[in-house]
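> These protein sequences, in sequence, are chains A and B.
Quick note on the numbering used here: the first sequence kicks off at 1 and runs consecutively.
Quick note on the numbering used here: the second sequence kicks off at 66 and runs consecutively.
Some hints could be false.
[What the hints assert, rightly or not] Only part of the chain A face toward chain B is listed, based on derived beta-carbon distances under 7 Å:
1) E13
2) F23
3) P24
4) G25
5) M26
6) S27
7) S31
8) Y33
9) A34
10) S35
11) R45
12) L48
Calculated directly from the structure, the hints in this document are not laboratory data.
C-beta atoms are modelled at their ideal positions from N, C-alpha and C, and glycine is treated no differently.
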Amino acid sequence: MKTAGCARCKFFESDPAAIEAAFPGMSSLGSAYASVRSDAGLCIRRDLFLTPLKNCRDFENRGPG
Amino acid sequence: MSKKEKPPTDYCETKACADEAPQQPALMGWKELYLKEDWWAIYLGIGIVALAIVAFLSGSTIVKSLTVNPGGLKWSSFGQLATHFSQNAHLYALQLLSWLVVFGISTRIMGIKTAQFVPSFIILYLLSVIMFAIGGWVDAAKYNLEPPLVALIIGLFIANTTALPKWLVSGFRVEYYIKTGIVLLGATFPITLVISAGPTALFQAGVISLVTCLVIYFAATKIFGLDKRLASVLGVGGAVCGVSASMAIASSVKAKKEYLYTSVTLVVVWALVMIFFIPFVSKMLDLSPGVAGAWVGTSEFADAAGFAAATAYGRMAGNENIAIQAFTLMKVIGRDIWIGIWSFIFALIACLKWEKDECGTRPSAMEIWWRFPKFVIGFFVASFLMTAITAGYAAPVFNKVVKPGLIGPIVSLRSWAFIFCFLSIGLTTRFRELKAAGWKPFGAFTMGVVVNVVLGFILSVYVFGDYWAHLGK
Numbered sequence: 001m002k003t004a005g006c007a008r009c010k011f012f013e014s015d016p017a018a019i020e021a022a023f024p025g026m027s028s029l030g031s032a033y034a035s036v037r038s039d040a041g042l043c044i045r046r047d048l049f050l051t052p053l054k055n056c057r058d059f060e061n062r063g064p065g
Numbered sequence: 066m067s068k069k070e071k072p073p074t075d076y077c078e079t080k081a082c083a084d085e086a087p088q089q090p091a092l093m094g095w096k097e098l099y100l101k102e103d104w105w106a107i108y109l110g111i112g113i114v115a116l117a118i119v120a121f122l123s124g125s126t127i128v129k130s131l132t133v134n135p136g137g138l139k140w141s142s143f144g145q146l147a148t149h150f151s152q153n154a155h156l157y158a159l160q161l162l163s164w165l166v167v168f169g170i171s172t173r174i175m176g177i178k179t180a181q182f183v184p185s186f187i188i189l190y191l192l193s194v195i196m197f198a199i200g201g202w203v204d205a206a207k208y209n210l211e212p213p214l215v216a217l218i219i220g221l222f223i224a225n226t227t228a229l230p231k232w233l234v235s236g237f238r239v240e241y242y243i244k245t246g247i248v249l250l251g252a253t254f255p256i257t258l259v260i261s262a263g264p265t266a267l268f269q270a271g272v273i274s275l276v277t278c279l280v281i282y283f284a285a286t287k288i289f290g291l292d293k294r295l296a297s298v299l300g301v302g303g304a305v306c307g308v309s310a311s312m313a314i315a316s317s318v319k320a321k322k323e324y325l326y327t328s329v330t331l332v333v334v335w336a337l338v339m340i341f342f343i344p345f346v347s348k349m350l351d352l353s354p355g356v357a358g359a360w361v362g363t364s365e366f367a368d369a370a371g372f373a374a375a376t377a378y379g380r381m382a383g384n385e386n387i388a389i390q391a392f393t394l395m396k397v398i399g400r401d402i403w404i405g406i407w408s409f410i411f412a413l414i415a416c417l418k419w420e421k422d423e424c425g426t427r428p429s430a431m432e433i434w435w436r437f438p439k440f441v442i443g444f445f446v447a448s449f450l451m452t453a454i455t456a457g458y459a460a461p462v463f464n465k466v467v468k469p470g471l472i473g474p475i476v477s478l479r480s481w482a483f484i485f486c487f488l489s490i491g492l493t494t495r496f497r498e499l500k501a502a503g504w505k506p507f508g509a510f511t512m513g514v515v516v517n518v519v520l521g522f523i524l525s526v527y528v529f530g531d532y533w534a535h536l537g538k
């Protein structure tokens, strides 16, 4: 059965504080708490910035919560 | 492909597989209403406007008492300044407490630690008082000591010469403060002006956005041989709304982390340059505030930086309001609100052309709404609300009663939100932490900057100069 993609993956990081920490300078003229980011986040496995609706074969369920 | 031929894994990157994946809902959904600063800026801005209206209609001075500010003192001795602060200490304490409560609670709900936010915000507030006090010096204008520029320089100096602990940036929320300020700005922005000047702003901003994006994109791909995804992140970042646009496009095209980081660095550096470049060139050329505001709106890369530039030049030229209005029309209405469409288009291009076999879930048109900068809704609501409330007043009554009693306090609170923002820009920009962009991305982006600034100048000064010079008249 298909599940939500990156959103449930343990490699997907969408916490706004973690995203701002990953991109020094981002909070100078932008914000990870902004609507424009929507749910996008970082794939720490592939070093990508992407929406959580993607799927990939490296998916590993992050478990409950 | 039949069901039997499907890949054995549940997770696929092939289009054939993705075609059969159920459409997934927006994952954040209603949580956005309390987890995103855009919505909090609306609640806070509209809340302040509603409170100001109620206080005005009932004759209460509660909002006025929160607007104490040394910026208008025109002091010439420290004694005068000291007297002002000693006489109004209780009002400053009340003001600090009020900001602390509303920003503290909202940032806590968004997930920012209160124990870090509170000391950080208190420092920000005290620095803001100092910035306003500098601006209130009788000779401040003579030395171009405009609070936005002074705040930026002092913030940059502190951030780059001292070892501020990382947690201290918790209270330096540039975007949250500028969005709150923009919603408050809506209350002083007649909706009729948006309707009458909107089409001109949209046309000018549309031209500049398209040209800038195309120049950066083709320079990056054709001249410097960069990846299309990096080119698109740089292109829209330079053309629409800087860091926010870079984030939106990076996620739409599934860009590498380093691409977004590169774009963030280039936007921050060039935006800071433009904060000083455009106002001082405008001053050299003696441009009218409306024309300079339109130029800033066309050629700045971020809202916060643009408001700093427009406010600074407006004060230099003696009409801050017109410069800010022209800037807002051009940047916020002409460029920012279209980021969802840019994002959707690039998501489609990436899916249908660049990664035909690896698209995954197809882009949804809902992307346009998900990426929409929601705080703009607050700007329009505040504008409608105030226009409706004040429509019944004749001009003399408006100028004598409504302006000082209702509009003035909102303008003052907006100035506070803006100064928090301008200081935060400086305090969060540590040059040593920015990523080295590489000369190829720098070259491509810089070509876009040059075209943007020159074309923005031509459109603002020569093509539509007469229009912007007489904005609102």
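> Compare the structure with each hint and give your call.
Here is what the structure says about each hint:
1. E13: violated (10 Å)
2. F23: holds (5 Å)
3. P24: With a closest approach of 4 Å, the A/P24 hint holds.
4. G25: Holds, because the Cβ-Cβ distance from A/G25 to chain B comes to roughly 5 Å (cut-off 7 Å).
5. M26: With a minimum Cβ separation of about 5 Å from chain B (threshold 7 Å), the hint on A/M26 holds.
6. S27: For A/S27, the interface hint holds, since the closest Cβ of chain B sits about 5 Å away, which is under 7 Å.
7. S31: Holds, because the Cβ-Cβ distance from A/S31 to chain B comes to roughly 4 Å (cut-off 7 Å).
8. Y33: At about 4 Å, which falls below the 7 Å cut-off, the nearest Cβ of chain B leaves the hint on A/Y33 intact, so it holds.
9. A34: Holds - the Cβ of A/A34 comes within 7 Å of chain B, reaching about 6 Å at its closest.
10. S35: holds (4 Å)
11. R45: violated (11 Å)
12. L48: holds (6 Å)
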